[in-house]
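*Asks:* Please construct the entire structure, taking both the sequences and the accompanying hints into account.
Residue-level listing of the chains:
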Amino acid sequence: MATPVLNKTSGSTSAAQTTTLGKSLNMGLRAAMEADPRVIVMGEDVGKLGGVFRITDGLQKDFGEHRVLDTPLAESGIIGTAVGLAIRGFRPVCEIQFDGFVFPGFDQIVSQVAKLHYRSQGKVKLPMVIRIPFGGGIGAVEHHSESPEAYFAHTAGLRVVACSNAVDAYWMIQQAIQCDDPVLFFEPKRRYYEKGQLDPDATPYPLFSSRVLRKGDAATLVTYGPMVKTCLDAAGAAAEEGRSLEVIDLRVLSPMDLAPVFESVRRTGRLIVVSEAPRETSLSSEVAARVQEECFYSLEAPVLRVTGYDTPYPPSKLEEEFLPDLDRVLHAVDRSLAW
Amino acid sequence: MATPVLNKTSGSTSAAQTTTLGKSLNMGLRAAMEADPRVIVMGEDVGKLGGVFRITDGLQKDFGEHRVLDTPLAESGIIGTAVGLAIRGFRPVCEIQFDGFVFPGFDQIVSQVAKLHYRSQGKVKLPMVIRIPFGGGIGAVEHHSESPEAYFAHTAGLRVVACSNAVDAYWMIQQAIQCDDPVLFFEPKRRYYEKGQLDPDATPYPLFSSRVLRKGDAATLVTYGPMVKTCLDAAGAAAEEGRSLEVIDLRVLSPMDLAPVFESVRRTGRLIVVSEAPRETSLSSEVAARVQEECFYSLEAPVLRVTGYDTPYPPSKLEEEFLPDLDRVLHAVDRSLAW
Amino acid sequence: MSSPEQWTHPEPGDAPAATAATPTAEQVIAGLRATSEGGAELVQLLTPEGERVENAEFDRYVADVTAEDLRGLYRDMVLVRRADRECNALQRQGQLGIWVPLLGQEAAQIGAGRALKPQDMAFPSYREHGVAWTRGVRPEDLLGIFRGTDNGSWDPLATRFHLYTIVIGNQVLNAAGYAMGQRFEGRVGNTGGDPDANEATMVFFGDGATSQGDVHEGFVWASVYDAPLVFFCQNNQWAISEPTERQTRLPLYQRARGYGFPGVRVDGNDVLATLAVSRWALDECRHGNGPVLIEAYTYRMDAHTTTDDPTRYRLSDELEAWKLKDPIERVRVNLIRHEHADQDFFDSIQADSDRLAAELREFCVNMPDPPPERMFSKIYAEPSPQLDAQRDELLEYLAGFSGGAH
Amino acid sequence: MSSPEQWTHPEPGDAPAATAATPTAEQVIAGLRATSEGGAELVQLLTPEGERVENAEFDRYVADVTAEDLRGLYRDMVLVRRADRECNALQRQGQLGIWVPLLGQEAAQIGAGRALKPQDMAFPSYREHGVAWTRGVRPEDLLGIFRGTDNGSWDPLATRFHLYTIVIGNQVLNAAGYAMGQRFEGRVGNTGGDPDANEATMVFFGDGATSQGDVHEGFVWASVYDAPLVFFCQNNQWAISEPTERQTRLPLYQRARGYGFPGVRVDGNDVLATLAVSRWALDECRHGNGPVLIEAYTYRMDAHTTTDDPTRYRLSDELEAWKLKDPIERVRVNLIRHEHADQDFFDSIQADSDRLAAELREFCVNMPDPPPERMFSKIYAEPSPQLDAQRDELLEYLAGFSGGAH
Ligand SMILES: Cc1ncc(C[n+]2csc(CCOP(=O)(O)OP(=O)(O)O)c2C)c(N)n1
Ligand SMILES: Cc1ncc(C[n+]2csc(CCOP(=O)(O)OP(=O)(O)O)c2C)c(N)n1
Ligand SMILES: [Mg+2]
Ligand SMILES: [Mg+2]
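Protein chains in written order, with the numbering used here: chain A, 2 to 340; chain B, 2 to 340; chain C, 22 to 427; chain D, 22 to 427.
Be a bit skeptical, because a hint or two may be false.
Stated by the list, open to error - Below, in silico cross-link-like pairs of lysine-lysine (DSSO-like), each with a Cα-Cα straight-line distance of 27 Å or less:
1. A:Lys-126 with C:Lys-399
2. B:Lys-49 with C:Lys-344
3. A:Lys-124 with C:Lys-399
4. A:Lys-318 with B:Lys-124
5. B:Lys-49 with B:Lys-196
6. D:Lys-399 with A:Lys-318
7. C:Lys-138 with A:Lys-126
8. C:Lys-138 with A:Lys-124
9. C:Lys-399 with B:Lys-318
10. D:Lys-399 with B:Lys-124
11. A:Lys-124 with B:Lys-318
The set of hints was computed from the structure by calculation and includes no laboratory data.
Only a predicted model underlies this, so the values are computations on that prediction, with no experimental measurement involved.
*Replies:* Structure, rendered in structure tokens:
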């Protein structure tokens with residue numbers, strides 16, 4: 002019944018190699034830069050240092066300093082100049098060093114990045130990617146563990162995606178760079194070292210599609226980014242108790258692709274949305290709102306949410322309590338099944 | 002059955018006078034400045050000009066240039082220096098000229114305004130108000146008709162309120178200024194000229210409470226800000242067809258006060274959430290998510306949403322189609338009742 | 022005013038700073054006199070009285086300007102002003118929702134715009150109707166913004182004139198990035214061969230905008246990356262109701278000193294001086310010596326927009342004083358004095374501008390409203406089923422909709 | 022380097038700007054020599070060799086500094102460095118999640134901090150452990166931030182030392198607002214009476230921070246409102262892996278020229294010079310002549326943080342060269358040369374720092390974890406039933422929770 006389909010991609014898996022999520026991103030960026038000379042990488046410390054997480058490691062050495070730019074220290078500057086470079090015909094990939102530091106660039110993202118294609122009625126394209134390592138669980142100080150995706154999901158004109166595993170990371174970053182729309186690319190920093198089997202010859206899964214990672218019939222878990230592993234672990238634990246949970250990785254956070262979720266909930270009748278972000282007016286709210294409308298007669302229990310609390314991200318000694326974990330997920334599953 | 006209770010405040014209504022929403026705000030600001038010398042007003046053009054909507058009209062003349070500051074043209078500067086003034090013990094009231102111009106100040110709001118009280122574990126209070134005229138319907142150019150409230154509602158540590166009528170405007174602005182927490186104060190600019198009967202001697206309704214403005218039993222309309230009038234008009238029209246709709250003004254957008262909504266939905270079994278903002282990951286999502294969980298067995302139809310579309314705010318010739326109106330609200334009521 | 026040192030020591034005193042930073046009527050007038058007299062720092066080639074004054078540094082940049090060229094610049098300014106006045110009238114008559122007048126800033130915008138070569142790029146703010154004109158963007162193409170039918174209907178790439186930007190300062194960073202791109206593509210500092218291989222970018226913003234973080238970051242990026250970018254600041258003395266003293270202690274052109282690139286103040290009501298200084302600055306950029314800051318000292322002779330009421334915050338004497346420095350009048354006087362233009366010329370321009378205004382009005386009143394589905398078009402470059410669904414939902418609703426009768 | 026003009030004309034060339042902005046090892050070394058030699062612009066009172074050099078402008082600001090005072094400054098620096106090294110070790114041993122070393126910046130921070138009067142306010146960045154020390158904030162109070170138990174446990178109002186700010190640049194605007202408040206309250210420019218009626222504010226930020234819009238806006242606000250604010254920029258040559266050349270063409274102290282207030286570059290490894298320049302700047306502010314910019318030219322001798330690996334981006338020669346300019350050593354040599362300190366003195370300080378380190382370690386390893394409910398405490402000043410409900414939900418969940426067995 003419970004078939005893990007994670008990391009399965011259509012096509013041969015012959016040449017599969019073991020990699021980590023972080024390394025996959027590095028390989029994906031490299032492949033994109035080799036494929037298209039207009040692709041440039043820019044951000045703080047992305048050059049010599051290779052980024053604080055080493056995601057751009059070696060790129061400046063191999064592609065030179067005018068394709069990998071160590072920029073001045075200002076996020077509005079990074080985004081704002083990337084917009085100009087994109088207008089000029091480049092395909093900039095901006096790195097925001099940590100989730101909490103995207104806000105100085107928020108105005109350029111909301112006012113220009115999200116709107117320029119619409120304002121010009123398609124005459125100006127903005128093929129740019131903004132990479133944001135996000136989420137907690139790494140014992141960091143303030144502003145280094147936030148989940149700001151809802152701000153962007155609510156912003157019309159942006160495409161927002163989040164990768165959750167090494168295989169998706171490799172393909173999704175390349176697909177995002179190839180996309181002619183601006184893409185906010187969220188990377189689950191606590192999962193940078195998670196391993197996966199990557200087959201560079203496989204056919205990638207479409208970028209803007211949610212994906213069922215594990216089939217099940219008792220209840221559906223919908224999640225994204227760092228919580229995908231948590232949910233898969235929870236589903237594994239539940240399976241041992243004879244409960245089969247379906248796990249769906251949203252992958253695209255805006256505009257959302259909820260068809261697979263509706264289809265799933267019509268079968269299971271129960272939905273738990275799992276996300277690290279605070280709950281109020283969040284992605285989990287949107288999923289619940291859409292599902293209760295689309296699947297009104299199928300729901301045997303209300304859509305439940307397992308999320309971060311409506312607090313600032315706490316000092317790291319408290320993050321274990323703040324972050325949803327396997328137990329909190331299963332606790333919600335119990336509540337849903339007991340409804 | 003359908004009792005309009007709008008503008009009723011407990012206490013005598015003897016001294017009631019006719020005023021407009023905009024004028025009420027001006028009177029409220031004046032009263033707050035007279036009551037407390039630490040209250041200062043700051044923003045672009047708030048002095049001699051009295052603000053582009055004249056909400057601060059006459060205040061600089063009467064309170065002087067160091068209590069009403071025409072600031073340099075930069076929103077991060079306005080918010081960031083207001084934080085410092087609040088730390089020093091002032092109670093700054095910042096005006097953001099238009100909704101679309103709050104974003105340069107977004108970083109200071111999210112990183113400092115929302116967090117300082119928590120970071121200092123209460124040792125530093127930030128009694129500041131950020132006034133934002135919001136919403137469309139005035140035939141304006143780009144960036145002058147947006148509804149950014151969801152960004153702030155999702156931000157823990159902020160209090161977000163929206164006034165919808167002349168009476169609330171007078172009281173809520175004073176209550177927001179008296180509050181020791183930072184308050185984002187949204188003003189429905191298209192309603193600045195709506196009249197109301199104000200009784201300065203009346204006892205104000207609590208700031209952080211949602212409010213039933215019209216009783217009804219067929220279905221519940223939940224809304225806030227500029228859409229309150231639209232919903233009241235819709236309820237009036239429905240009444241003529243013998244349908245009594247309950248209308249609830251959220252007033253506080255975060256942290257939300259949904260108890261009156263739950264109570265109402267348990268009676269009516271049907272809920273329509275009405276808001277100008279784009280739908281995806283918005284306040285309307287949160288209300289729907291909470292209600293479907295709290296009132297699962299009471300709902301006779303899914304929570305429906307009547308909102309702006311998931312597009313940038315359109316050129317003004319299209320705003321009539323973009324903005325929810327009486328007909329779209331009643332259309333949703335029909336759909337709900339037909340479920 | 023030329024050395025910051027003279028500025029760094031305001032007298033101690035109990036008066037709160039807020040007052041210290043408020044200009045009195047006297048200060049405003051004083052500031053005015055300072056400029057009308059010009060002074061070493063103000064580059065001026067044509068006096069308000071229309072006399073050509075020599076300038077060792079900048080004369081050579083307009084040495085090739087013939088009488089015909091000068092008549093051309095005059096014509097530009099007259100037509101642009103006429104279009105501006107017509108749009109103002111159209112707004113008053115309810116044909117436009119709002120209008121942003123350029124009255125008084127014709128010389129600054131025509132001088133800068135005519136200095137641009139076809140391969141150069143321009144990033145306007147929202148008042149650059151004169152620059153638009155020089156880029157071949159017709160006044161008609163601006164109307165949609167103000168009538169509410171679109172956000173600008175010209176092609177920013179074909180005209181090399183970016184869309185208007187309303188969020189103060191944003192375009193300065195976008196322009197810096199674009200100019201970096203010109204440099205990265207090797208379009209800067211090419212010696213020999215085709216001189217037109219070299220490109221530059223010019224970005225327009227106001228005195229108030231200089232306070233925005235984005236403008237500063239644009240200065241930082243452009244200077245660190247040696248971007249071929251001319252920062253063209255039109256100091257029209259006012260940011261809506263706030264005088265320049267609210268934004269800075271020093272003349273704005275001096276802001277460049279802190280970043281290590283040149284800053285020049287030019288008489289923005291002198292089209293010849295603005296042309297010269299702009300040509301110089303663009304050349305510097307094309308040769309790899311960018312960026313450069315130009316402060317065009319001018320005056321907003323009308324309201325901030327048609328919804329603004331300047332009588333609430335500024336003295337009418339101020340406007341009167343600036344009328345004496347009108348950017349168009351001084352060229353007219355100069356052309357006549359040197360007999361470079363006869364009555365026929367002025368008559369023909371009169372006729373041209375009448376025609377322009379009539380066509381503009383004709384076009385405006387006949388502009389069709391966009392169809393509802395336009396709201397959903399071109400939000401994304403790639404397909405978006407979600408938006409298509411919302412569009413269909415709306416169209417279906419509107420179709421099934423029997424005229425609002427519920 | 023003192024005049025921008027020398028900087029505004031990089032040679033034309035095909036090389037993309039990005040390279041032009043990259044420092045070679047040679048450039049880095051050259052830059053170094055420029056400083057070790059000092060130069061007119063660098064205010065220095067104590068040479069790296071510990072010799073007291075005269076300075077007509079600034080000597081008077083330290084004329085009252087006795088041998089005992091100098092010993093005190095030496096003691097401050099030694100203890101602060103010792104605490105820094107101990108915390109670094111505690112991080113290595115897993116007692117702290119991360120540490121941000123101040124190694125090499127002791128003189129800049131002690132000199133600035135000791136210039137502050139009790140009534141003055143300070144806004145730190147995240148590396149100002151030395152300034153914290155001078156404000157009476159114990160090293161123990163900093164630990165929670167790095168251990169993950171809180172965000173700083175001191176009282177910012179009582180100590181007049183704001184919480185650390187991690188978002189680069191934010192605190193500069195907050196400090197500008199605070200200083201405006203001092204001015205609005207009439208705490209500036211008071212002559213006669215109680216001199217301590219006058220107040221000033223000092224804000225700390227790095228070389229990289231100067232690129233942020235917030236720092237620019239802080240410059241604009243402080244200058245327009247004549248705020249009593251000293252901008253104290255510690256130029257430690259690096260913003261993580263990026264050298265200062267990535268942020269600016271000019272020495273950073275010259276940034277002030279564009280705003281109309283004074284900027285001074287001081288040897289940040291010279292505690293006496295930093296004290297003198299800081300006292301001067303604070304006095305200027307207290308008398309109403311603010312703001313003032315100070316660039317303390319120093320060096321980050323350790324990694325950016327304990328998670329950083331500097332070998333990836335900078336040369337070890339650079340560190341070696343700076344070791345010769347160690348801020349503590351030059352004071353030690355000076356004290357000995359003038360026989361202002363004997364062995365007992367140095368022994369006692371050794372003993373003090375051993376005790377400090379031991380107490381710090383003892384405190385650190387015994388720090389209790391915060392209880393779960395702390396997550397919900399003090400988010401709002403006024404009651405929040407919504408958060409109380411979430412707190413109770415969590416506590417109930419944890420209570421009913423039999424050790425993870427499902
Ligand atoms: C970020 C932002 N804040 C506020 C506004 C509102 N606003 C529009 S124009 C203006 C004044 C601009 O003055 P200036 O830069 O001198 O340009 P000018 O209008 O004088 O040409 C303001 C405050 C805006 N458009 N964008
Ligand atoms: C807005 C923002 N962007 C990025 C960061 C990540 N970051 C932390 S410190 C730092 C470098 C700061 O350099 P500098 O200003 O010179 O201060 P220093 O660390 O050298 O003392 C960066 C990029 C941040 N904290 N805030
Ligand atoms: Mg202006
Ligand atoms: Mg540094």
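*Asks:* Look at each hint and say if it fits the structure.
*Replies:* Cross-check of the supplied hints:
| no. | hint | in the structure |
| --- | --- | --- |
| 1 | A:Lys-126 with C:Lys-399 | holds (10 Å) |
| 2 | B:Lys-49 with C:Lys-344 | holds (24 Å) |
| 3 | A:Lys-124 with C:Lys-399 | holds (9 Å) |
| 4 | A:Lys-318 with B:Lys-124 | holds (21 Å) |
| 5 | B:Lys-49 with B:Lys-196 | holds (26 Å) |
| 6 | D:Lys-399 with A:Lys-318 | holds (17 Å) |
| 7 | C:Lys-138 with A:Lys-126 | holds (24 Å) |
| 8 | C:Lys-138 with A:Lys-124 | holds (22 Å) |
| 9 | C:Lys-399 with B:Lys-318 | holds (17 Å) |
| 10 | D:Lys-399 with B:Lys-124 | holds (9 Å) |
| 11 | A:Lys-124 with B:Lys-318 | holds (21 Å) |
Taken one by one, the earlier hints all hold for this structure without exception.
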